[in-house]
Amino acid sequence: MAEYYHSVVLDEALCMGCTNCIKRCPTEAIRVHNGKARIFNEKCIDCGECVRTCPYHAKVAQTDSLDILANYKYTIALPAPTLYMQYDLKFTRQHVVTALKMLGFDYIYEVARGAEIVTAVTDRYMEAHQDGLPMISSACPAIVRLLQARFPSLLPRLLPVKSPMEISAMHARREFCAKNPGVEPGEVGVFFISPCAAKMTAVRNPLELEHSNVDGVLSIKSVYFKLLKQMAKLKAPEDFLQAGYQGVRWASVGGEAMALKTQNVLSVDGIQNVVRIFEQLEDDKLDDVDFIEACACTGGCLGGPLTVENLYVARNRQRRHKELMPTVLEPVQVDEMQNCMFEIYPQHLDVTTLDADRTEAIKKLRRMNEICEELPKLDCGACGAPSCRALSEDIVREKASLTDCVFVLRQKVRDLAREMMILEGFMPSDGQNDKEN
Amino acid sequence: MELSEEIIRLHYDINDEDFSAAGEASSAVKKTLSRLGVSPETVKRVAIAMYEAEINAVIHADGGAADIEITPQQIKVVISDRGPGIPNMEAAMQPGFSTATESVRELGFGAGMGLPNMKRYTDEMYVDTKIGVGTTVTLIVKI
Numbered sequence: 001m002a003e004y005y006h007s008v009v010l011d012e013a014l015c016m017g018c019t020n021c022i023k024r025c026p027t028e029a030i031r032v033h034n035g036k037a038r039i040f041n042e043k044c045i046d047c048g049e050c051v052r053t054c055p056y057h058a059k060v061a062q063t064d065s066l067d068i069l070a071n072y073k074y075t076i077a078l079p080a081p082t083l084y085m086q087y088d089l090k091f092t093r094q095h096v097v098t099a100l101k102m103l104g105f106d107y108i109y110e111v112a113r114g115a116e117i118v119t120a121v122t123d124r125y126m127e128a129h130q131d132g133l134p135m136i137s138s139a140c141p142a143i144v145r146l147l148q149a150r151f152p153s154l155l156p157r158l159l160p161v162k163s164p165m166e167i168s169a170m171h172a173r174r175e176f177c178a179k180n181p182g183v184e185p186g187e188v189g190v191f192f193i194s195p196c197a198a199k200m201t202a203v204r205n206p207l208e209l210e211h212s213n214v215d216g217v218l219s220i221k222s223v224y225f226k227l228l229k230q231m232a233k234l235k236a237p238e239d240f241l242q243a244g245y246q247g248v249r250w251a252s253v254g255g256e257a258m259a260l261k262t263q264n265v266l267s268v269d270g271i272q273n274v275v276r277i278f279e280q281l282e283d284d285k286l287d288d289v290d291f292i293e294a295c296a297c298t299g300g301c302l303g304g305p306l307t308v309e310n311l312y313v314a315r316n317r318q319r320r321h322k323e324l325m326p327t328v329l330e331p332v333q334v335d336e337m338q339n340c341m342f343e344i345y346p347q348h349l350d351v352t353t354l355d356a357d358r359t360e361a362i363k364k365l366r367r368m369n370e371i372c373e374e375l376p377k378l379d380c381g382a383c384g385a386p387s388c389r390a391l392s393e394d395i396v397r398e399k400a401s402l403t404d405c406v407f408v409l410r411q412k413v414r415d416l417a418r419e420m421m422i423l424e425g426f427m428p429s430d431g432q433n434d435k436e437n
Numbered sequence: 001m002e003l004s005e006e007i008i009r010l011h012y013d014i015n016d017e018d019f020s021a022a023g024e025a026s027s028a029v030k031k032t033l034s035r036l037g038v039s040p041e042t043v044k045r046v047a048i049a050m051y052e053a054e055i056n057a058v059i060h061a062d063g064g065a066a067d068i069e070i071t072p073q074q075i076k077v078v079i080s081d082r083g084p085g086i087p088n089m090e091a092a093m094q095p096g097f098s099t100a101t102e103s104v105r106e107l108g109f110g111a112g113m114g115l116p117n118m119k120r121y122t123d124e125m126y127v128d129t130k131i132g133v134g135t136t137v138t139l140i141v142k143i
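In the order they appear, the protein sequences are chains G and X.
Just so you know, we're using my numbering here: the first sequence kicks off at 1 and counts up by one.
Just so you know, we're using my numbering here: the second sequence kicks off at 1 and counts up by one.
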């Protein structure tokens, strides 16, 4: 497999080698070695939890800068619904969209509209696939990666409908070219304005298709002030809306599920909560539910690591946005179902197997259990691994040694000292001590 | 000895005092199996069958014990309890047959699918039961 690209990377100069990130990583993908954090690429799901946790801002999500717009003759912005909730309500959606154009974008396609299309396609797909329920939403890329790495048996339940971002990008480019005869699709750059690190990865390494329709990802953080400045100057915003509240409310957990025809739905947010729900689902304990909406971030996209506004403030704004728009602006006609479906299917990424040979794997696991017994089970993190169990796995995988544990090291030093004392007693006398006695 | 190095043994007590812990053993076994490169489908079969057996031990026998033996060829799960025993095995194997009390059913258990599901998800199943002494269910899934 080609090396996996990750948007979440470490800024070594800022890393203090503390243990905050290793403890919070849901896939135990981070270790501290020689005073610096290291991310195991194969385990990272780009959830952004470490970006949020690091007190020194050493974990960063790589995104594009506005300079990338210069590479294209025409540019389109795809604002995530979360963007609207970053600003005071006096700045309406129309303000935000107009300000994006003032920043240099030629056309805007609201991802909220793409979300409405996803809802319509999902309803249709679920009607035809009643035997495969519950289906799991594929909208959150960190969740899809979590399924690939940790819950492969649930992959057949993954809703094979492309994400609102991809569907928006597809429609945006097509609409723009249709409205502007003579423009070639290749001349148009499409940019997602993102609350989320995983979306950047999903553009570089798409999960559901060969090549993403998105050409770049700008973080909400990076455009926040630039847009604010434009909006402050703005007198009369354009009257341009493509989606109703049904699409806009996807910004929060529950928004996707609430829009569906079936209301036998479960919405779960926060990666640890998602893990617990998936464990139940794995044991066939949730087969009376039709649909599971799972968001890696607490609160959904509003809680994304690349947002500016506090989740709870933003959530209240979202509720107030409801008053400003119809629930449905324009009903979706599903006329091209096939273009909305996955082109490729995410496969199991095996990151847990200790050895390809099962007999060897059993031996290694036995050793791992034995090593774990020797460790203090304090899960202190001082060795650089998130838990004693993780350290014992690293030792078996030859990525760490037993003396990385400070408690084991202290015991060894103590044993050594004792042994030296005993040996000292056997030392032949040099004669001097005898005189003193 | 070479042979014993190729076996992993796990033991869990199944405690009816703490219902939230029910299924913990099957969850731990799932994690172990994924380390050994056992296919997700097989892991799932083991987890479901084992969970059913655990729940049975809690509902009918106030708990018991789970002993798991993993070799390169198979996974053997033995769930034993000191409950009332199963008076009519043939009936118990019928889907939908249950002796669970109304209060247990109200909790969403006792649908009568326990033993049939265990059989469905395993390659071999043995039930050793004595009235008044207890029940031992042995589940084998080939890798």
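Don't take every hint at face value.
To be verified - Straight line, CA to CA, 25 Å or less: simulated BS3-like cross-link-like pairs of lysine-lysine:
#1 Lys364(G) x Lys130(X)
#2 Lys130(X) x Lys285(G)
#3 Lys119(X) x Lys363(G)
#4 Lys44(X) x Lys31(X)
#5 Lys261(G) x Lys285(G)
#6 Lys285(G) x Lys31(X)
#7 Lys90(G) x Lys261(G)
#8 Lys363(G) x Lys130(X)
#9 Lys399(G) x Lys142(X)
#10 Lys43(G) x Lys261(G)
These aren't lab readings, by the way, just hints derived from the structure by calculation.
Comparing the hints with the structure gives:
no. : hint                  : result
1   : Lys364(G) x Lys130(X) : 39 Å, violated
2   : Lys130(X) x Lys285(G) : 30 Å, violated
3   : Lys119(X) x Lys363(G) : 30 Å, violated
4   : Lys44(X) x Lys31(X)   : 11 Å, holds
5   : Lys261(G) x Lys285(G) : 23 Å, holds
6   : Lys285(G) x Lys31(X)  : 18 Å, holds
7   : Lys90(G) x Lys261(G)  : 33 Å, violated
8   : Lys363(G) x Lys130(X) : 37 Å, violated
9   : Lys399(G) x Lys142(X) : 32 Å, violated
10  : Lys43(G) x Lys261(G)  : 36 Å, violated
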